[in-house]
Amino acid sequence: MQRVPVQAPAAASAGSRLREHLRGLGMSAVLAGLGLALVAAVPGRDADAVAATPAPEAHRAVSFANDVMPILKQYCTQCHGDVKDGEKQLEEGLDLTSHETLMQGSTWGTVVEAGNADESLLIQMIVDGDMPKDAEEPFPAEKLEVLRTWVNEGAQNN
1 MQRVPVQAPA AASAGSRLRE HLRGLGMSAV LAGLGLALVA AVPGRDADAV AATPAPEAHR
61 AVSFANDVMP ILKQYCTQCH GDVKDGEKQL EEGLDLTSHE TLMQGSTWGT VVEAGNADES
121 LLIQMIVDGD MPKDAEEPFP AEKLEVLRTW VNEGAQNN
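Numbering (our numbering), first residue to last: 1 to 158.
Since the hints were derived computationally from the structure, they do not count as laboratory data.
Computed from a predicted model, the values in this text were never measured in an experiment.
Quick reminder that beta carbons are idealized off the backbone N, C-alpha and C, glycines included.
Some hints could be false.
What follows is a list of derived Cβ distance ranges for each label pair [to be verified]:
id, residue 1, residue 2, range
1, Q74, E113, 28 to 38 Å
2, D82, G109, 21 to 31 Å
3, N116, G86, 32 to 42 Å
The list that follows gives simulated cross-link-like pairs (lysine-lysine, DSSO-like), each with its CA atoms no further than 30 Å apart [said to hold, decoys possible]:
id, residue 1, residue 2
4, K84, K133
5, K143, K73
6, K73, K133
7, K73, K84
8, K88, K73
Construct the entire structure; sequences and hints are all you get.
This is the structure in structure tokens:
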């Protein structure tokens, strides 16, 4: 039996171009588009209003440098790392001025359990109201959530 070579089509089909396009967008964009199409198909919904609704933002990892460190500087380093009168303030041996020193912990051991905010002493002390000491107002919930998220995401030095 003689084999006859099969030529590839000159241009990709519309279906294959669509599949390639969707692969390039990523699954979240495809799902968002699918949700938009389904909502737009619901009777009584204005398709133009639905199309004008922005897609949800992708989750951005919490950054130690940009998100966590400013919180620590504002609420914690006065007692855990700042220099006063030529001496570094290290209550309980805890230095919160860098990722490296934070992860080293205190005199009593680690204060951050990467990946587990519920087991992290740093988070527990804030939740229990023990830290920051002498605070005039409760620690802001949105800032606590940033710290929790960072720890649960693995407490990365990013």
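Here is what the structure says about each hint:
1. Hint check: Q74 to E113, Cβ distance near 23 Å, so the stated range 28 to 38 Å is violated.
2. In this structure the supplied range 21 to 31 Å holds for D82 paired with G109, their Cβ-Cβ distance being about 22 Å.
3. Separated by about 38 Å at the C-beta atoms, N116 and G86 satisfy the suggested range of 32 to 42 Å.
4. For the proposed pair K84 and K133, the alpha carbon gap of about 17 Å is at most 30 Å, so the pair holds.
5. With a C-alpha separation of about 12 Å, the suggested pair K143 and K73 falls inside the 30 Å cut-off, and the hint holds.
6. Our distance criterion of 30 Å between C-alpha atoms is met by K73 and K133, whose separation comes to about 14 Å.
7. The hinted pair formed by K73 and K84 meets the criterion: a straight-line CA distance of about 14 Å does not exceed 30 Å.
8. Distance restraint check for K88 and K73: the Cα-Cα separation of roughly 14 Å lies within the 30 Å cut-off, and the hinted pair is therefore satisfied.
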